[in-house]
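A.B. asks: Each chain, letter by letter, is given below.
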Amino acid sequence: ACTSNTPAGNTSVKANAADNAAAGKPVTIGFSAPAADHGWIAAITANAEAQAKLYPEVTLRKVEAGKDAAAQAAALDTLIAAKPDVIVMLPHDGKELNSVGRKAMAAGIPVVNLDRAFPEDLAYRLQIKGDNYGMGVAAGQYVGAQLKATGKTAPVIGEIAGMDELELTQQRSKGFADALATFGFKVANRRAARFTADSGQKEADNLLQALPKLDAVWNHDDDQGIGVLAAIAQSGRKDFLLVGGAGSRKAMETIKADNSVLKATVTYSPSMASSAISLARLLAQGRGMGDLVELQVPKEIILAAETVTKANVDRYLTLGF
Amino acid sequence: MNSPALGATPLDQTAVRRVTGLTDWWRDDRGEPVRRNLGLVVVLIALLGIGAWTRPDIFLDGDRLGPNLFSILKQASAIGVVTVGMTFVIIGGGIDLSVGGLIALAGVWSTTLATQGFGAGGIVFTALVVGLGAGLVNGVLVAYGRLVPFIATLATFVAARGLAARISGKQTQTVDVAAINDLATARYLGIPLLIWILAAVVLLGWGLLNRTTFGRRTVALGGNAEAARLAGIRIRPHTVLLYGVSGLCCGIAALMLTAQATSAQAAMADMYELDAIAAAIIGGTLLTGGRGTIVGSLLGVLVFSTITNLFAVNNLPTEVQNMVKGGIIVAAVLVQQFPFGRLRRRKPTS
Amino acid sequence: MNSPALGATPLDQTAVRRVTGLTDWWRDDRGEPVRRNLGLVVVLIALLGIGAWTRPDIFLDGDRLGPNLFSILKQASAIGVVTVGMTFVIIGGGIDLSVGGLIALAGVWSTTLATQGFGAGGIVFTALVVGLGAGLVNGVLVAYGRLVPFIATLATFVAARGLAARISGKQTQTVDVAAINDLATARYLGIPLLIWILAAVVLLGWGLLNRTTFGRRTVALGGNAEAARLAGIRIRPHTVLLYGVSGLCCGIAALMLTAQATSAQAAMADMYELDAIAAAIIGGTLLTGGRGTIVGSLLGVLVFSTITNLFAVNNLPTEVQNMVKGGIIVAAVLVQQFPFGRLRRRKPTS
Amino acid sequence: MSAAQHGPGDRSALPLPPDGPGDPDGLLLRLDGIVKTFPGVRALDGVSLDVRPGEVHCLLGQNGAGKSTLIKVLSGAHRPDAGRIEWHGRPVTLPDPKAATRLGIATIYQELDLVADLSVAENVFLGHEPARFGLVGRGAMARRTREILDRLGHGDIPARRPVRRLPAAGQQIVSMARALSHDARLLVMDEPSAVLAHDEVANLFRVIRDLTGQGIAVVYISHRLDEIREIGDRVTVLKDGRTTAANLPARTVPVGDLVNRMTGRTIEYVFPPRPAGPPDAGAELLEVRGLGRAGEFADVSLTVRAGEIVGITGLVGSGRSEVLETIFGARRADAGQITMAGRALRPGSVPAAVRAGLGLAPEERKSQALLLSEPVDRNMTLATFARFASYGVTRSGRERAAAEAVAGRLGLRPPGVRRMVRTLSGGNQQKVVVGRWLLGGTRVLLLDEPTRGVDVGARAELYRAIRRLADDGVGILLVSSEVPEVLGLADRVLLMREGRVVHEGPADQLDESAVLSLVMSGSLHTVHPTTERRPA
Ligand SMILES: Nc1ncnc2c1ncn2[C@@H]1O[C@H](COP(=O)(O)OP(=O)(O)OP(=O)(O)O)[C@@H](O)[C@H]1O
Ligand SMILES: Nc1ncnc2c1ncn2[C@@H]1O[C@H](COP(=O)(O)OP(=O)(O)OP(=O)(O)O)[C@@H](O)[C@H]1O
Ligand SMILES: O[C@@H]1[C@@H](O)[C@H](O)OC[C@H]1O
Ligand SMILES: [Mg+2]
Ligand SMILES: [Mg+2]
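Chains as they are written, first to last, in the numbering used here: chain A, 290 to 610; chain B, 951 to 1300; chain C, 951 to 1300; chain D, 2 to 537.
There's no promise every hint is true.
Pulled a few chain B residues facing chain C out of the computed Cβ check, cut under 10 Å [as the list claims (entries may be wrong)]:
hint : residue
1    : LEU1010
2    : GLY1112
3    : ALA1115
4    : ILE1232
5    : ILE1279
Treat the hints as calculated values from the structure; they're not laboratory data. From a predicted model like this one, the values you see are computed outputs, not experimental measurements. We put the CB at the ideal spot given by N, CA and C, even for glycine.
Build the full structure now, drawing on both the sequences and the hints.
C.D. replies: Below, the structure is given as structure tokens:
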């Protein structure tokens, strides 16, 4: 500690945020995300491009990730060879592409990793994740609270997950189950769809057959939710409540309209891509985040999964994809 | 008679007809498709039995059984239509790997905002035309480009999915034309329209295959292309038409799926090629062509969608589903073979 | 003029050999596989040409061309190994839809914490044994269960993926055994180990098919199973072995993929069945069996991975990639046929 | 069912219009300078042929001479590279089969070209089904099919049965019916009698006479010279793709003359001399006791000694092939036992039989014996390549040499053994099937219709080869529908009827008529529902 008696001396505070908007040195950002097979991924790429356009000094080099981890790895190899100032990527699978992350870092290119986590710290400079477990928790808490409120003691709860082979799907389901458990509730039937509307419709239809009586359903992904809602409408059943996931604009509009069983959705916003681009820019320019005291961008950011309901939907509409 | 009988002997015609006529017919080749199909019927009944045993509350309760059966049939409807088309192609000696892509293309193309502007008519028209058109492209590539069907249709498959993604901008296109979405809910005589459509396509397919020159020539083409050629059948145009039929079925299926999901997207109808081929083959269609039945294909589809339903109502986890599914498929085929196994002197590699 | 080719006396026999021998061989069917393969070589060169033209900075710059070619070959390595096995099965008159599932099963099983405990040896051993074992199961189902190969291997496919998911608890299992991960980086004589492995498998496969009784039996089996049977070939055991070979290749491929991804999971090797079959067929293997070459299959694999690489370095949007890919596949096959197309009077349905 | 009755469907019964205008010499068809080359082969090298209305014009030539190619040109299946075709004196082109049919040319091809899974009727009318708006008139089709089958003396073949269920001979009848279903002026028959036994041939000839009586011309191909004498009017001889003699009088021209023009040599049916010494000299190799299979044959007992040729003949469908296939383990016997050199054979196992030294040249070359897209040598060594190999590594060089030797002996043409079997003529394919078992290592050889479609010269050679094998101590069991062949070649003869052996005795104590009366008395009444006979 310093011996001076002036109080504020050794506390690090920062009055006015440094203006991150001010243009800095030109930056090339390499970007790679899996081929969009559904809305959410499409939104990731779209957001990244849009955000990059906001900065005149930023040029975005997009490399297509191809159909699987191997293809993406190869694509990233060529990207690394081109030596951009920073790389933003959403890996097919965090564990499978971990080594590529390390490679880039070793080549002196800071890596910003999105959504699907790398196991090793050495593989990234900054990691921005949605909170998959938290997403499930949020859904579970909302459902639990609602059903408790209506005095249900042993409610019948269904779940329509996303692609079952993705780890994030497992994390989401775990969060959901754990949260429900705190109410003494459990999932009666869980179907896994494939993030597409037609698979959502099919699995929802199956679920409705399996559970003649139903109190609540959580659907992991609003894109496949289009099909889920369709199936429910077609069955003519209204006797339960539906919670969505990820937070698409369409879902939010439906919640706002409040004319269906869909009462809420828990966010897992592709806006993380926009943030990733702006932070990547700062990283490349060696600048910190305006409102943080630190001189550098932090190492990890986990977005909170928020629960969007009719009450707060207006604030979130803009984030909907 | 002055010469040895080469088809059947007097004995065979009279006494045998009367005495062993049935068993005879039964054991001989004319009985064969029926035998296979009966095998599948048995399998179906067994599956429903499992349902009744595991979920009596659904399978033994009239009010619930009905809806559940309907949902099995509705889920079988789109893939069923595709399988009918696939059956024609395979019997004709080809294969169509492009169906999933064609459905996506037809579905997406017919639900762009522009198309939706023309209303239900425009959507239906577009879906059918796109499906048929793409199917004909397959046919031309195979018949005139001399491409192996497997490769030709694989190529159109990737191309079609790509084009679909391009058109939709990778977005899920929701349908706002009520008339279309209603297809999924409408009923006639209490039976869902989707099921009627399936029934109609199966019936037409059956007639086309068994009662028309087109159908009989399709069997000839797949059974012995050289014989067909020497009989003056114009193989190439016929081949083009075969793939056209399959494409048209994809167009119809696209509409059925779009209506159910009230939306279309480039990734829709995932794995349909595999499901359709598998259903046809389990239904007794010979992958090498020249042999197959529409009814068998239908039964094949029903077996698969019943299995899915059983898994759902019993809440099996995905991975267990798969493990069990593998077993059931094997069992199903064995059941088909069992009673007559001895008679079917078929080379192991067939 | 007097046609020597029909001459009977030994004298003009030799004359024929000398005069028409080569062109004859070249033009008639025996030359066909070689012609096809040459066609594919042309296609490959053309693709590299496109590379040089679109990305001279990579394809014309020695320092970067090398690594890029290596990355093409490395990507071809695992699927290449699988395709060799697939080629045997198809030539033998069968088909193996299970490869993707078998790879996943072998990959996951060999990378459980338990197995990793036994170190590199344990992992390699497990992968190979699991692959081989599962392959033999396929063979038994086909040869003795009399299941159509398409159905039998489809069943094991879903079952294997399910079991893999079960074992891995749907987690991606990371590998901490350095020796394994090193497989992906190790080099001999400057050439990546993965490429050596591919080369070795291709060489062995070629020898097995063309220089051993096993290979001859395989061709006979696929060409005319009944004739093979009446020639005293024990077709069932042989069928079992065929699928065993394919399974073993899957085990090897599983190791190669695991090393590259430093991890294994139930969903790995997605679509490998389709890629392998497509590569084999584009390489000239007859889907109906009895004909095919290992070299052709290898070339088929290389064509596909080169295409992928071109897309990557030019970073075309995926949907465009697919659209173009479809076109390239068609073009590739047409190129193969072009120079001699007139001669190949092959029934459109073949 | 006499040839007299003609139903309404039988339009070929209507009187012919007078020969078309502009053909002075009353020719129906004239071919001139027809050339057709295949990769590496000049199949037709300037062939000429003219056919008069109402005649039976026989085409004669060695295997590979070009007969089938010629008729494929005639039927629009092959396009000639050069040459002129005149129909009723007018030049025509035949771009495709339809064109030929439209002119009134109908063809029975050498290789059965039927669709296994279509019914008899559907095969007969394939391509010209009676239909309204694409809907097949099944009733009419079945009716007209029955009418045609009746004319062929086979009203017993059910019109709705899949042809797969018919025996080879039955299928041959169906392809004849198909040819008759067209309103033909010219009927081309490529070795129709090859799969027919004696009585069936008589039947065929009745039909042919009936047709020619109506002014319909017939081009008839066969390797059986006696047939040509019996049914033919004029003969044209092909050799190496060229016409070496045209329009010879079929009944009077000396046989030696024909053979000479075909082969350039002067052999006839010459059966190699039987060895002196008592026939039962050799040791018993194959012994069959009370062999039987439900519905096919019963209580068949026979022995084959080393160096002995045992012949079996009988009507089509008398069960001969079944017997051979059962001895060979390709079918499992219901009764009886089989021993090789005193050791019992494992029933129903071909590998066991092969290991014990048995070999079978099956009846249907395409479906049972050949790898059509593999070269000749690979086909010849199909049963023996393992023996050439060492430690599982094949020795292609040696195999080829061995194959070339056999090919030379059987006069395969073209002689090269690297040629794909598919491109060989029918008879040459048959040589490959038999040749496979001449490579040695076989102790008892089962031959089922070994000379089917093989030309006179090659036949003699084949007979000699078989006898040579016997002299080397191999036992031979020979099934043939050609009685003279059995009588001439075999030491001992078994006659089968309706799946039973009705006579056994030394060949030299039988003559053809005796055999026929033994075999024909009563006719075949067996159905074998389980045997699938796929069309070649
Ligand atoms: N598709 C083909 N490709 C190559 N060569 C062929 C083809 N068809 C026939 N040939 C050759 O043409 C020649 C004539 O064959 P063709 O079948 O006409 O003989 P053939 O007189 O009918 O003999 P057989 O009496 O054995 O039937 C033979 O050398 C044969 O190998
Ligand atoms: N008249 C018939 N009715 C029904 N099936 C028959 C008849 N004739 C023959 N077959 C079938 O065709 C086969 C021909 O009989 P098989 O070949 O065994 O006797 P074969 O004496 O060898 O006659 P082929 O000379 O035709 O071989 C029989 O096995 C049977 O399946
Ligand atoms: O693809 C996934 C998306 O669909 C889901 O909703 O959120 C996580 C993403 O990885
Ligand atoms: Mg011929
Ligand atoms: Mg026979």
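A.B. asks: List, from low to high, the hint numbers that the structure doesn't satisfy.
C.D. replies: Of the numbered hints, just 1 does not hold.
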